[in-house]
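Participant: Sequence:
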Amino acid sequence: MKVFKDRVAVITGAASGFGREFALIGARLGMKLVLADVQQDALEHTRNELAQQGADVIALRCDVRHAEQVQALADAAMDKFGAVHLVFNNAGVGSGGLVWENTQADWEWVLGVNLWGVIHGVRIFTNLMLECAKKDPHYEGHIVNTASMAGMLNAPTMGVYNVSKHAVVSLSESLYQDLQLVEAPIGASVLCPYFVPTGISQSHRNRPEDVPGAAPTASQRAAQAMSDKAVSSGKVTAQEVAENTFKAVANGQFYIFSHPGALSNVQERMEDIVLQRNPGDPYKATPHIREMLRAKLKA
Numbered sequence: 001m002k003v004f005k006d007r008v009a010v011i012t013g014a015a016s017g018f019g020r021e022f023a024l025i026g027a028r029l030g031m032k033l034v035l036a037d038v039q040q041d042a043l044e045h046t047r048n049e050l051a052q053q054g055a056d057v058i059a060l061r062c063d064v065r066h067a068e069q070v071q072a073l074a075d076a077a078m079d080k081f082g083a084v085h086l087v088f089n090n091a092g093v094g095s096g097g098l099v100w101e102n103t104q105a106d107w108e109w110v111l112g113v114n115l116w117g118v119i120h121g122v123r124i125f126t127n128l129m130l131e132c133a134k135k136d137p138h139y140e141g142h143i144v145n146t147a148s149m150a151g152m153l154n155a156p157t158m159g160v161y162n163v164s165k166h167a168v169v170s171l172s173e174s175l176y177q178d179l180q181l182v183e184a185p186i187g188a189s190v191l192c193p194y195f196v197p198t199g200i201s202q203s204h205r206n207r208p209e210d211v212p213g214a215a216p217t218a219s220q221r222a223a224q225a226m227s228d229k230a231v232s233s234g235k236v237t238a239q240e241v242a243e244n245t246f247k248a249v250a251n252g253q254f255y256i257f258s259h260p261g262a263l264s265n266v267q268e269r270m271e272d273i274v275l276q277r278n279p280g281d282p283y284k285a286t287p288h289i290r291e292m293l294r295a296k297l298k299a
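Going by my numbering, the sequence shown opens with residue 1, and the numbers climb by one from there.
Treat the hints with caution; some may be incorrect.
Simulated crosslink set (BS3-like; lysine-lysine; CA at most 25 Å straight-line) [unchecked claim]:
| hint | residue 1 | residue 2 |
| --- | --- | --- |
| 1 | K5 | K135 |
| 2 | K229 | K5 |
| 3 | K5 | K134 |
| 4 | K298 | K284 |
| 5 | K284 | K247 |
| 6 | K80 | K135 |
| 7 | K134 | K2 |
| 8 | K298 | K229 |
Pairwise CB distance ranges (calculated) [to be verified]:
| hint | residue 1 | residue 2 | range |
| --- | --- | --- | --- |
| 9 | K247 | E131 | 22 to 32 Å |
| 10 | H66 | E271 | 37 to 47 Å |
| 11 | D272 | E68 | 40 to 50 Å |
| 12 | A218 | K134 | 50 to 60 Å |
| 13 | E271 | H45 | 39 to 49 Å |
| 14 | G213 | N48 | 40 to 50 Å |
| 15 | A218 | D41 | 29 to 39 Å |
| 16 | G213 | L181 | 34 to 44 Å |
| 17 | E68 | D136 | 22 to 32 Å |
| 18 | L130 | E68 | 45 to 55 Å |
| 19 | I289 | R123 | 38 to 48 Å |
| 20 | S232 | L29 | 25 to 35 Å |
| 21 | E49 | K80 | 12 to 22 Å |
| 22 | H204 | V266 | 42 to 52 Å |
The set of hints was computed from the structure by calculation and includes no laboratory data.
Just so we're clear, the structure is a prediction, and the values are computed from it rather than from any experiment.
We treat Cβ as the ideally placed atom computed from N, Cα and C, and that holds for glycine.
Given the sequences, and given the hints that come with them, work out the whole structure.
Facilitator: Set out below in structure tokens:
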């Protein structure tokens with residue numbers, strides 16, 4: 001996808017983090033914007049800010065766990081702008097702790113947003129975009145699914161999140177191959193950020209009432225503390241990640257990494273698989289972190 005001006009972008013999780021930065025860059029490039037988030041006040045703030053800058057923008061509260069709300073988002077985009085060209089399936093939440101200590105509600109919430117949200121986005125918007133392409137011989141489209149380095153690695157006390165993001169990587173690779181098979185004028189990318197200062201570590205602020213949380217266990221408290229520290233201390237900004245994502249879309253690049261240096265860990269994991277070795281020690285280079293975590297679990 002080479003042209004952004006006057007094209008229509010749909011962004012979930014648009015009120016903060018990567019989604020907000022996607023919206024700001026899209027507006028700067030002259031795109032028409034459809035913003036979605038569950039946090040109504042932050043969503044309205046972002047919409048108003050962009051509108052004051054002259055952007056053609058609408059915003060809808062959308063819980064991506066629910067197919068009918070994602071469909072309503074697609075319908076609103078078509079009603080307002082008549083086409084969709086760029087989709088960011090970006091909404092995401094985080095939850096940690098030892099994998100057997102996560103409740104059914106934890107699993108339903110994280111998989112509902114991180115995986116089913118992307119499934120709904122891919123299913124609904126790909127079909128819509130293919131229809132748009134039939135009507136426009138010059139049509140170009142692209143879909144970006146936000147996964148994580150947790151979709152490439154499996155750190156301890158992040159099991160629910162890891163599962164959701166591995167599934168998004170698989171879904172995205174499958175989408176890419178299917179689009180290539182039918183020679184669709186639609187590209188696909190998977191964004192795999194590492195620790196970047198966003199609101200992901202404070203996802204509980206938007207936890208819905210239908211998935212109530214239990215009192216956190218020691219491992220969940222430890223995971224929360226480590227996540228807070230890692231995310232807040234990240235040196236790569238959400239703006240930088242968003243800018244690199246737009247460049248990747250323009251270049252037709254599938255894999256997008258915020259921290260390419262971390263790919264050595266991915267390579268080691270792949271080698272473990274190919275050589276049929278047991279999974280390696282994620283704290284080999286930082287054993288003090290392992291001991292710190294163990295101490296917190298025993299506290």
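Participant: Indicate, hint by hint, whether the structure satisfies it.
Facilitator: Hint check results:
Restraint check: the Cα-Cα separation between K5 and K135 comes to about 19 Å, which is no more than 25 Å; the hinted pair holds. Taking the CA atoms of K229 and K5, the gap is about 38 Å. The hint is violated against a cut of 25 Å. Distance restraint check for K5 and K134: the Cα-Cα separation of roughly 21 Å lies within the 25 Å cut-off, and the hinted pair is therefore satisfied. Restraint check: the Cα-Cα separation between K298 and K284 comes to about 21 Å, which is no more than 25 Å; the hinted pair holds.
For the hint linking K284 to K247, the alpha-carbon distance of about 34 Å lies beyond 25 Å, and the restraint is violated. Our distance criterion of 25 Å between C-alpha atoms is met by K80 and K135, whose separation comes to about 17 Å. With a C-alpha separation of about 19 Å, the suggested pair K134 and K2 falls inside the 25 Å cut-off, and the hint holds. Of the supplied pair hints, the one linking K298 and K229 holds, its CA atoms being roughly 20 Å apart against a limit of 25 Å.
Between K247 and E131 the beta carbons are some 28 Å apart, a value that agrees with the proposed interval 22 to 32 Å. For the pair H66 and E271, the beta carbons lie near 41 Å from each other, so the given range of 37 to 47 Å is met. Hint check: D272 to E68, Cβ distance near 42 Å, so the stated range 40 to 50 Å holds. Roughly 56 Å separates the CB atoms of A218 and K134, a value that falls within the hinted 50 to 60 Å.
A hinted range of 39 to 49 Å holds for the C-beta pair E271 and H45, which are about 46 Å apart. For the hinted restraint 40 to 50 Å between G213 and N48, the CB-CB distance of approximately 31 Å leaves it violated. A C-beta distance of roughly 33 Å is found between A218 and D41, which places it inside the suggested range of 29 to 39 Å. Between G213 and L181, the C-beta spacing of about 42 Å keeps the proposed range 34 to 44 Å intact.
Between E68 and D136 the beta carbon distance is about 27 Å. The supplied range of 22 to 32 Å therefore holds. Separation of L130 from E68 is about 21 Å and departs from the stated range, judged on CB atoms against 45 to 55 Å. The hinted range of 38 to 48 Å is satisfied by I289 and R123, whose Cβ atoms lie roughly 39 Å apart. Under the hint 25 to 35 Å, the C-beta atoms of S232 and L29, about 29 Å apart, fit the expected range.
A C-beta distance of roughly 19 Å is found between E49 and K80, which places it inside the suggested range of 12 to 22 Å. Separation of H204 from V266 is about 29 Å and departs from the stated range, judged on CB atoms against 42 to 52 Å.
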